[in-house]
Amino acid sequence: MADKHKPDTDRSFFSEILSPSELFAARSRSHKIPIRGQKDFFPNDSEEQRQRLEQSLNEHWSLISEERVERLGNLVRAKWIPGDQIVELQSPAGKFWQTMGFSSDGKQFLLPEEALYLMECGNLQVFHRDLPLSIQDGYERFLSPNTLRLQQYQVFGHLKRLGYVVHRFDPSSEPSSYARRLNLPQSRDRAGRQLKRKRSASPTPSCSRSEAPEESTTERMEDDKPRHDGEEEKTVPESQLTASSEAPSVQAATTSTAEERRGRSWWMTEDLKHKASVHCPPSASSHWDFSTVPFPDLGGRLSGCLASPDPSLLPGALAVGVCDVAAWKGRINLRKVKMSAKERNREKEVCRRRRDINKDREVQQCSNWADYKKLLAKRQGRRKGRPEHLWNREVAPLHDPRQPLPTGELLDKISVLKSTNLLEGASRLKGSDEWKICFNVYQPDTVADFKKSNPGKPYSRMCVCSFDDPVPDLRAIKLLASQSGDVPVVIAVVDHGDISFYTFKDFQLPKDVYP
Amino acid sequence: MATEGVEKTSEDVPAAGKVSNRFDLEKETELRFEVEAGEAAEQVELELLTGMAEVFGSELNRNKKYTFGPGSKIAVFTWQGCSVNLYGKPEVAYVSKDTPMLLYLNTHAALEQMRKQAERDNERGPRVMVVGPTDVGKSTVCRLLLSYAVRVGRRPTLVELDVGQSGVSVPGTVSALCIERPADVEEGFSVQAPLVYHFGSTTPGTNIKLYNKLTSCLAEVFSQRCEVNRKASVGGCIINTCGWVKGSGYQALVHCASAFQVDVVLVLDHERLYNELKRDLPHFVRVVLLPKSGGVVERSKECRRDARDEKIREYFYGFRGSSYYPFSYEVRFSDVRIYKIGAPSIPDSCLPLGMSQDDTQLKLVPVTPGRDLTYHVLSVSSAEDGEEGARKGIVESPVCGFIVVTYVDTQTQVMKVLSPAPRPLPRHTLLIMDIRFMDMK
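Line by line, the protein sequences give chains Z and V.
The end of the first sequence is residue 514 by numbering that gives the first Met the number 0, with every number in the run present.
The end of the second sequence is residue 440 by numbering that gives the first Met the number 0, with every number in the run present.
Just so you know, these hints were derived from the structure itself, not from any lab.
Model, not experiment: these values are computed from the prediction.
Where is the CB? At the ideal position from N, CA and C, for every residue including glycine.
Cut-off 25 Å, straight-line C-alpha distance, at most; resulting in silico cross-link-like pairs (SDA-like, lysine to any residue):
#, chain 1, residue 1, chain 2, residue 2
1, V, K26, Z, S307
2, V, K339, V, T202
3, Z, K450, Z, G105
4, Z, K377, V, K277
5, V, K230, Z, N367
6, Z, K372, V, S257
7, Z, K456, Z, D444
8, Z, K372, V, Q260
Chain Z residues, not near chain V, derived (Cβ > 10 Å throughout):
#, residue
9, L17
10, F41
11, L52
12, W60
13, Q89
14, Q124
15, N145
16, H166
17, S171
18, R392
19, L410
20, L416
21, S418
22, L428
23, D505
Isolated chain Z (complex conformation) (with noise of 0.2 Å):
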């Protein structure tokens, strides 16, 4: 990093006049930077490669501990304002004004970033206490986890330098997905200038961190407004249904919606009380003892007098006499089933094999329908050559080979892992701090009519991360999708001076089976 002044020079720090000599020699420098070349990869201690390193060391630290000449009549002078984190210009800007800054007050600002991006360039001189501060000194004081790192700044730099224009990014500026979906004008330059204002009356001009709680809990707010929206949409088809249903007898089978609308509903739950000790029922247990139960079974070896039924049991607390059943035996349907002799062949096939199924241990042992009818699964299993010890685990193979599908279907059933889109379900996804869009970059090309009031659509958004992160997961770049909308979100990854960019797109894995 270029540093303007040597620690060791006794001279006055701030109005050091060179001689025309100096100067002289100062212009005539080569401004070449120092090409660094293919990289070796392995330190194999040959002396060509010490020399060359060394001597390309010596480039970097000469080119760093030169010192910088500029114009003072080219400097802006700017005063760091330490509470409010900005810097306030006190001579008139210079053509960096067109995109960078802000004014407020009739005075004007600049972002940290942005002065120490206009001190490395040579184009500003901040003063703290009447003290100009070295580019160092920008570094120290200037970047911080209020305004931005390191890394954000070096992206900032970086894509300064390629010409770009680069604004933070205002999450608050940004269109809802509501907003959005109703295709809303976008009121651009008001919220820019209220943008100012908010910055002149609040002290931290960062409105990322200390107003992200807020703006999230907007943009959710307007996020349930779509959901809302979206079942009203669904209720109107089955509005329409009711309206048919109820109009004479009432003989269709509605929908639940349209039945809760009635007020009765075939999913009618009791009330709370009864609710808890619903999920219990073991719904299949045979937890009946018909010996103590009194069907009056003609079939059965009943005989006598069936007694008095309780009349707690009887409806209207009827009280009612015993009943003579073997009176009744006597009348009960013995006539032979008229049928043809064809009939009668297969019937008689048809005794012949089967029998009893409650001869079978196996069925005996069952206690009720749900036993009986995994013992009925097995033997069929067992029957059809299904390989059981697949099957009768908890985690069961996807597919049934005995049940033919064509091959697409097929490929949709075992497809375990849906595909998404980025925009899908992100709206509902709740913020977070770990991944945050920095800045807004729009082309260089368009800076000759850019304005900082009505910067337009920008090119991409920038998010900053380090090489040490770990790579955001499906949840984190669905965020940022949905916070940038229809702007590509760019992932700009530092490894210490080198930034390299990524980005995330939509794209469809290939299908091999055509219908």
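Assemble the complex: chain Z is given as a structure, and chain V must be docked to it using the hints.
Relative to the frame of chain Z, chain V by itself:
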């Protein structure tokens, strides 16, 4: 117990020109009467004068006149003794002491005991299947047991699997209905929000695979309901079945028992069926043989057809054709998709590899609208109007209503339909039934 003191009969109520007959019933006897069938037949009115009496489990109010239309076959039963008046000329009217009501009541008591136990042990209530040949009074026994259960405060579910003579919806459907009050003496159970599935024919034999599939669907839905509604779970269900008890019909009964996981099977007046079910159902299912009532009348084919027609008319026009006013409008062919469930069977050798005959019976076959569509009853499926992919769910989707095609114009590609609700159709997937209905009255 004969009533005393009421001497005056017809002088009291001068019903306009109608003959009045007074009957005094002893305890545990019933008055059976039939109203003449046919267009010109006179309605018969019934009034309870003293004591208490019930019609198929629903109690009569004293001094209220109940009207029964042509073809009605009614039994007024009393536990304590009563006297009733009949106005009009019934075809037959006699008092019988010979009724199995006491057995049915005992059956109810046993079921109620099971419900009490279920309530106490937090289990599910009894699921009862009523089986038997045709004309033994299955529907009446169901109605009786349901009415009794409701009267002791239960909320049982009626599962109607009799596609020929559905007590809940139009014929050709299977349905489930939760019962919350005893049946109306004249109209039967109040039909509110039933769950109805399209079957499409009046005998299960036309597509037994579909019949079994729908049985399973109903069982599934009922089980889900039991899980969320404790009261319904304790109330259990009573399943009314078809009178077809041989061959595939019998298999369908066994399948139904297994699908619903029934606890009790009531066999009405068919010992052979009783023995077969004892053999083919696991031991933890109680099979009970019950006699039929002597009052059950055999119905002729014509009688059944008329009853079906009446049921469809009731759907569109309300009970006795007075309460509802259906709409008639035109539907363009291009707006609807009409299907028939079940393709005609093909020899196995002609089927694609790996496909079995079962698949064709549940397949949806598109029907090209034509003149032969006239008078057919169509079910409006509640399946979402989707593209081809959504077709799979249509068979298992409940029905949201029925329409009848009254006129087809092939020239302009429209058909005129009779619909309970004004246009538009709530859904555009229609399933055709074999059943026709001519709106003649």
